[in-house]
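Please arrange chains B, C and D on chain A, whose structure you already have, making use of the hints.
Number of protein chains: 4
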Amino acid sequence: MQIDLNSDMGESFGAYTIGEDDKIIRYITSANIACGYHAGDPSVMAKTAALAKQHGVGIGAHPGYPDLAGFGRRNLQTFPGEIRNYILYQIGAMSAFAKSAGTSLQHVKPHGALYNFAAKNEEAAQEIIEAVKAFNPELILVTLSGSIFAQMATQAGLRVAQEAFPDRAYLADGQLAPRNMPGAVIHDETAVRERVVKLVKTGKLISIDGKELFLKADTLCIHGDTPGAWKLAKTIRESLEKQGITVAPLSSLPLNT
Amino acid sequence: MQIDLNSDMGESFGAYTIGEDDKIIRYITSANIACGYHAGDPSVMAKTAALAKQHGVGIGAHPGYPDLAGFGRRNLQTFPGEIRNYILYQIGAMSAFAKSAGTSLQHVKPHGALYNFAAKNEEAAQEIIEAVKAFNPELILVTLSGSIFAQMATQAGLRVAQEAFPDRAYLADGQLAPRNMPGAVIHDETAVRERVVKLVKTGKLISIDGKELFLKADTLCIHGDTPGAWKLAKTIRESLEKQGITVAPLSSLPLNT
Amino acid sequence: MQIDLNSDMGESFGAYTIGEDDKIIRYITSANIACGYHAGDPSVMAKTAALAKQHGVGIGAHPGYPDLAGFGRRNLQTFPGEIRNYILYQIGAMSAFAKSAGTSLQHVKPHGALYNFAAKNEEAAQEIIEAVKAFNPELILVTLSGSIFAQMATQAGLRVAQEAFPDRAYLADGQLAPRNMPGAVIHDETAVRERVVKLVKTGKLISIDGKELFLKADTLCIHGDTPGAWKLAKTIRESLEKQGITVAPLSSLPLNT
Amino acid sequence: MQIDLNSDMGESFGAYTIGEDDKIIRYITSANIACGYHAGDPSVMAKTAALAKQHGVGIGAHPGYPDLAGFGRRNLQTFPGEIRNYILYQIGAMSAFAKSAGTSLQHVKPHGALYNFAAKNEEAAQEIIEAVKAFNPELILVTLSGSIFAQMATQAGLRVAQEAFPDRAYLADGQLAPRNMPGAVIHDETAVRERVVKLVKTGKLISIDGKELFLKADTLCIHGDTPGAWKLAKTIRESLEKQGITVAPLSSLPLNT
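Protein chains in written order, with our numbering: chain A, 1 to 257; chain B, 258 to 514; chain C, 515 to 771; chain D, 772 to 1028.
Among the clues, some could well be false.
Said to hold, decoys possible - Here are the simulated DMTMM-like pairs of lysine to aspartate or glutamate, each with C-alpha atoms no more than 25 Å apart in a straight line: (1) D:794 <-> A:20; (2) C:730 <-> C:702; (3) A:99 <-> B:395; (4) A:23 <-> D:901; (5) C:561 <-> D:996; (6) C:567 <-> D:996; (7) B:280 <-> C:739.
Hint data in this document are derived by calculation from the structure and do not stem from the laboratory.
Source: prediction; values computed, not measured.
In isolation and in its complexed conformation, chain A is listed as follows (with noise of 0.2 Å):
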């Protein structure tokens, strides 16, 4: 059994600083690195992947929509052809900084607003992935597990991730519950911890209702923009170490089985 842990990360702008990286990336093996659109910068993005690469995490694009102002949070009109071209030029820079870092990219997973768009708009969704194919078909599209998103992508042929939120609550269709919803989000450390072995260990979560769902997961998501997130990103790597599930890099797991 193998899981990959991933957070965002390089969401520092010039003088303004979000996140712990340097802490956070010791437990996690999958860095999606903000691409200058919502986050990051050009030297935040150089040194961050310079991070994940010394590190040995994988290094993904985690391109947004073009709104530094909302953090990539609100939702923008875009007319057809805009997200594609949104996302080919991220992920393109983000490529020059793995490369200039020693290495390539791993991954891309659309930020914000804009994965939550993706999610369930098809149009979106068919934008992204035609980016990725015209930029590298070998690339990793990591998508919310059990999405329309993630089923066009895996039938476009690309590598797919599916994506999990340990401190999220599913509803019982295994969507996540809106953030509005009392209970959305799980704030008790070992709630978590014991969600996250349950899931991976047997692909199940219980639902914000009490129902037991199946949720596919190559990889979840720690939240890394709250002081002390690195400290929940630790407990769950060694919760998951210790049940004896190996945490590594979406390059190095097996996907769309």
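Okay, now just chains B, C and D, sitting in the frame of chain A:
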């Protein structure tokens, strides 16, 4: 005898249009495509890369300062490493669109204030050289003919294209006459044509004060951002071909000779 | 009988030019000047404000979404209070250039996607109304004629100018025909002239499906961003004046009647 | 005897936080609020203006270069008139938030690289002076004590506040010791307190090389962007008040004396 003709392209942005790319593309052999920092946007980059591919024109990244408001024409202080990272970012982004157009990046030519600064500032030149080497040491770097930048890039082992400006007057020492000097820009088409042919056939130019000077020219810069610029491109190309000179992309020329 | 003619102006940005402001300014009476968010920059704002002052044209702020890449034409999700603050910011900035041109701000007209959104979304409308009241309750607010926004602004005690679009077709219920409906944009100059005169003299328009409808119009929007748009402005103004209708800035019209 | 204490505030941007504004606000009397060019955004400006109003702190515009990526700390070449227009734009925007907070703008203090450049460059100084005069000749302009900028602004008839830096060492000629000179920044709190009291009571400072120098100080700059900076503000204010010195906003001080 052969020479490359290059022009800046892809400088439109959103609803804003600059240049007549679809006209000038027919007469040039290498396109310097803006990368979204001083001009251009992802959709313009995609369209321009496809246009260049369709016409057999070599695709180049045209990275500039992050200064859309100043079109990359204003000097910007940078902290150590920033130029390197700005270049890596933009080369990477442009390479994604070359790939999606079914080809690959041919060259890199810094834009505007950054081009002029790197021509004479060794630290800036060094950062650009490092970026190109880190991304792809086979890329051709276009530099001001005879500049310290050209020398440094050659010594660093890069493929270097020395660039001359047919419609600009030169000082006796081989430097470009400053734009505010009378006669610095040559508007007479016949004179430009004659200079071009003489330069390519003999390697010589007459300086603004009447001295003969030798200038290595692998590529000639054809300005494209003024209405009707394509006509000058057309007349230059025809004059060259009438003299039996081959006009061809940088990638097919012998460089560093 | 009197009416105001308004046009969007100051949409150039740095090296990028849109519109023929110095031509259209001669035929309009109120200028909606872009404020640097969706178009325009400080130097363009200064120049455009001076141009308007010189021609006796009322100066208006034309605030939009912070989306230069999309020219303010794309919907952007905003969090509560953001629209209010975006409007305050842009009105304030524009008012500084009105002052430096020796006059003061006459009106505010939201731009593009924000204009359309506020016309029907009460929360957005409310935030804009609050911003105008907080900055200067004497400012005139230009709104889509007959919209909920117009009603809310009137009830809030603002001076409200109801706006009609001479070259746009209307549905029988008084709403603008969607742009993708055949006939939605009226290209025939004679038809536009006749509609304008009829509307100002009788308050009536014929809808796209042949019904007669009443439309309050304090100001008519003359599009300025297509080449030659000033000719339509000229012909509309001449047609109105030939009928004895006074064309005058919003500040000199009786509003809220 | 009286003095103003000013601090840079409102430097957060979207999801990015800099400074502990709600702490430092209790100890200062004038706030320099970032205007969205080098830092700050409309919602941060609104919030910060309200915070200052609530604490009886004078509201100032803190305009900088349009360089969020460099936090306004990098020199940027500008074309004639651009600085004037950048200042007008930002003053105008800030004044809107002062109004919406129920008060009005007290002062203008250029930020970072622009502050330093204007202190010694007459053209930049002149453009800033013109902007302030055009917007509101009653505004107070904060300048480096003893600078050519301070002289020019005084001669132009503006209300000028001369600023000193308690935690920065000075050269014998009254200029700030460059940051890379050992001892340029004074970290010892006791030393800072003693310098402040001596300066306010006697108008004298001891330069870095031991000479006594006179320095006009209407306001002292308290740095706010390092964690815990509010403690230094607190201790400075308490030391001053213990000596019977009144700490009060610029608007209540006699200037140009």
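| field | Numbers of unmet hints, in rising order | value | 4, 5 and 6
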